[in-house]
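Asker: Heads up: the sequence shown begins at 1251 in my numbering, then just goes up one per residue.
Treat the hints as calculated values from the structure; they're not laboratory data.
Since the structure is predicted, the reported quantities are computational estimates derived from the model, not experimental observations.
Any given hint could turn out to be false.
Under the rule of at most 20 Å between Cα atoms (straight-line distance), these lysine to aspartate or glutamate pairs were calculated in the DMTMM-like manner [what the hints assert, rightly or not]: (1) Lys1289 / Glu1253; (2) Lys1317 / Glu1264; (3) Lys1317 / Asp1254; (4) Lys1284 / Asp1254; (5) Lys1289 / Asp1278; (6) Lys1289 / Asp1260; (7) Lys1284 / Glu1264; (8) Lys1317 / Glu1271; (9) Lys1317 / Asp1260; (10) Lys1269 / Glu1253.
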Amino acid sequence: MQEDGRTFPDGTHELIVHKCEENTVFQDSCRYLKLPFLKGNQHGNNNQAVKSTKESFWITSFLCSTKLTQNGEKLK
């Protein structure tokens, strides 16, 4: 979801994979959720660079929902 409540547009998106230690316990889940998740479009407050293509993967999305929207005007 985008910060304004819309879903991301249909299409292909390159998502970032963050390495975490196997035994890591996230005391503050908000900190984890603020990490950037779209390669090339750094969302969140963390400016970590993606070092290789092995640290990302591609997905294709197509929204079919009666509750979610990609149109910001419908949220007003």
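Asker: Decide, hint by hint, whether the structure agrees.
Answerer: For each hint, the structure was consulted:
no.: 1; hint: Lys1289 / Glu1253; in the structure: holds, 17 Å
no.: 2; hint: Lys1317 / Glu1264; in the structure: violated, 25 Å
no.: 3; hint: Lys1317 / Asp1254; in the structure: holds, 15 Å
no.: 4; hint: Lys1284 / Asp1254; in the structure: holds, 15 Å
no.: 5; hint: Lys1289 / Asp1278; in the structure: violated, 23 Å
no.: 6; hint: Lys1289 / Asp1260; in the structure: holds, 16 Å
no.: 7; hint: Lys1284 / Glu1264; in the structure: holds, 17 Å
no.: 8; hint: Lys1317 / Glu1271; in the structure: violated, 36 Å
no.: 9; hint: Lys1317 / Asp1260; in the structure: holds, 16 Å
no.: 10; hint: Lys1269 / Glu1253; in the structure: violated, 24 Å
The structure shown violates the earlier hints numbered 2, 5, 8, 10.
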